[in-house]
Amino acid sequence: MSLGVNLLRRSAMRNALALSGLFIAVLALCGLWMVVQIRSDVRDEIDTQLKLAHSDMQAQDVTTDDIRAWFTDEDDLILYTEAYRTAAGEVLGTLRPEVFDTLGFQTLSFHSLFQGRYFNSFEWAHGRDGAFLDEEPLPDEVDTWRVYVAPLDGGRMAVFEPLSAVEDALGIIPQVVITVGAALVATTLLAGTIMAWRQQIRLDRIRDGIARIGRGDLSQPMAPELVRDDLDEIMLGIDRAAAELNGSISQLKLFSQNVAHELRTPLARLRAVLEDSPALPSAALERTDEVIRTLDAVQRIARLSHQPAPGTLSPVPLADVVTLAEDLFAEVALENGQKLRVVLDAPAVVQGDFQLLVQMVSNLVENAIRYSGNGARITISAQNRCLSVSDTGPGITTSDDMTEPFARAAESRAHDGSGLGLALVKAIARYHGAKLSLHSDHGLRAQVSFSDLSGESDPLH
Amino acid sequence: MNILLLEDDPDLAAWVEKCLTSAGHSVDHFEDGKTALIAATTHDYDLLVLDRMVPELDGLSVVKTLRSTRSEVPILMLTALGDVADKVEGLEAGADDYLPKPFAQSELLARVMALGRRGGPAQTEPTSLSHADLHLNLLAQTCTRAGQPIDLNPKEIRLLEALMRNKGRVMTRAMLLERVWQISFDPSTNVVETHISRLRAKVDKPFEKPLIETVRGAGYVFGR
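Keeping their order, the protein sequence lines are chains A and B.
Start counting at 1 in the first sequence, then tack on 1071, and there's your number in my numbering.
Numbering-wise, my numbering puts 26 at position 39 of the second sequence, and it's gapless, one number per residue.
I should point out that these hints are in silico values taken from the structure, not numbers from a laboratory.
Glycine is no exception: its CB is placed at the ideal position from the N, C-alpha and C atoms.
A hint or two may mislead.
[Unchecked claim] Under the rule of at most 30 Å between Cα atoms (straight-line distance), these lysine-lysine pairs were calculated in the DSSO-like manner:
#1 K5(B) x K154(B)
#2 K1324(A) x K192(B)
#3 K142(B) x K192(B)
#4 K1324(A) x K51(B)
#5 K1410(A) x K1324(A)
#6 K189(B) x K1410(A)
#7 K142(B) x K154(B)
#8 K5(B) x K51(B)
#9 K196(B) x K154(B)
#10 K1410(A) x K21(B)
#11 K1324(A) x K1506(A)
#12 K196(B) x K142(B)
#13 K192(B) x K1410(A)
#14 K51(B) x K21(B)
#15 K154(B) x K192(B)
[Unchecked claim] Now the stretches of chain A that chain B is said to cover, found in silico as 3 or more residues with beta-carbon under 8 Å:
#16 1147 to 1154
#17 1347 to 1357
#18 1435 to 1445
#19 1448 to 1462
[Claimed, not checked] Listing some non-contacts, in silico: residues in chain A with all C-beta distances to chain B over 10 Å:
#20 L1098
#21 V1106
#22 G1308
#23 A1339
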């Protein structure tokens, strides 16, 4: 079923179906026109012949007596395609008397044309058997007759012909239309399927390529080696744009790596000097460590801007993340005059990086410890596919996006902290395909919701 | 110990060399991966300290090449790229430990000592640890000092165990976070300090001689 629906969603298949539909409609119209045209042509032809037969008799001055002589042998009557009604009203031949009432052409059925006693004989003459013709309806091909009645020698001469041959020929036309149509639909469906399949391979390539670019992987080209048509050219264009982007991103990456390298080395030396100088206040060391942590966070955020490479994520029970965070921070909170508790409500297992998820929750808990104030209650919870950290502190009053790097609420300026904590949380959430939201109705609640897909083995595919 | 140092930054190399020699080790310093690899395969070192980003052949390739020759020499990787992914990559390539720059002298020495010991004959894991009048039974999860039982929770036992196993050696905050909680990032709140101070309140405070000592800017040392 889904295969059929998928096939119908392919543009090439739809084109093929639409074209075959149009073709069949045209074919049906042509067939109808042919039927009408041929029927009128053949009838004209028959009418001409009937008229000709009549005028031949007139030209030969056929008399009533001559005609009477034709019809002497009762057995031969049925072989004649003429019949005559004398001026006195006597019918010579097989036709019913009332047929002669109307002059000119008539189209009549078998039963209204012939007298009953000839039905069976006619059957025989047409090479058919079956005795009960007056009870059973006749097939169409012998049922319709054309009659031409005209005056001759004081009486009326009727010349007649069956229309069966014409109807026979015309009956084939709808059959031809249906057969040709069916063959056409089958062919176009097959061709459409093949075309859709071939086209789809290339469209899928574009779609996957664009998805890859979205994930930050700019290295793989999608265009085939041989550029054949506009679709290939589109791929080539995307490849070129991606390559250009890749170039500038690589430069930026190299630059930030170099910056990190160049900054970290002097920092290491500075730290060593501080470490070896007991005379200096220990705050100097702590500040240095803070700078190092900020640099760390900047680097991590930069690195997390890409989707994880396949195989780097593994199943992580959210309960384990929460429990470890409690293990780490329960006493720190207590020391700070706060109470930390954990709520587990059917916690899910998600695809993730355990260390990063612990760091994410740790950052949220550390924020809560730092800003919620003395006496606050901090709750870490894992509910289904949601991790959240909430506190009963004052919350935040700013409307700024606190998850932007270096964004800090006015309340927090007085405290330590790089302003990168939430930005890193957001980066880690994004890396896992999860969403970070902040709610500040009562205190502050930060929630990270994992999508249903992030538990699957391979999102996006 | 005979230590090979691969580091292309002359200042940092000089500093690391000074740190290591002052701790009684002898150091051979190389500035590019190729000559370091040749030296590592032709000499018998007790430990290699390799920077990751160096000219000619990067530190990671040196590790991979050495491990492919079945060399089991302990390797400590140094790098500016302090990230979990890099760490995993380094460890998967065959490095034994990983130290992100910038690092403290004590951090470096602590890890060098730990690795040097690892290179020796395999030790059986003791089921109980003792120092002076402190006894920690890991099977029964009980602790006594001067004959008095001390009530420790499992986390405190893990922390004390980590300190006691490395008796006399500095354990840095990062090392404790790795060994006790298995986390590889540095929380910005004083997690380690808090847990140490709780442990001290139970293990040291009621008694005369403190066993857990703070090392300024570095970490903690047990029973020095």
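The hints, checked one at a time:
no., hint, in the structure
1, K5(B) x K154(B), "holds, 24 Å"
2, K1324(A) x K192(B), "violated, 51 Å"
3, K142(B) x K192(B), "holds, 19 Å"
4, K1324(A) x K51(B), "holds, 25 Å"
5, K1410(A) x K1324(A), "violated, 42 Å"
6, K189(B) x K1410(A), "holds, 21 Å"
7, K142(B) x K154(B), "holds, 19 Å"
8, K5(B) x K51(B), "holds, 28 Å"
9, K196(B) x K154(B), "holds, 16 Å"
10, K1410(A) x K21(B), "violated, 56 Å"
11, K1324(A) x K1506(A), "holds, 26 Å"
12, K196(B) x K142(B), "holds, 23 Å"
13, K192(B) x K1410(A), "holds, 25 Å"
14, K51(B) x K21(B), "holds, 13 Å"
15, K154(B) x K192(B), "holds, 19 Å"
16, 1147 to 1154, "violated (count 0)"
17, 1347 to 1357, "holds (count 4)"
18, 1435 to 1445, "holds (count 3)"
19, 1448 to 1462, "violated (count 0)"
20, L1098, "holds, 64 Å"
21, V1106, "holds, 77 Å"
22, G1308, "holds, 33 Å"
23, A1339, "violated, 3 Å"
Going down the numbered hints, you'll see the structure goes against 2, 5, 10, 16, 19 and 23, while the others check out.
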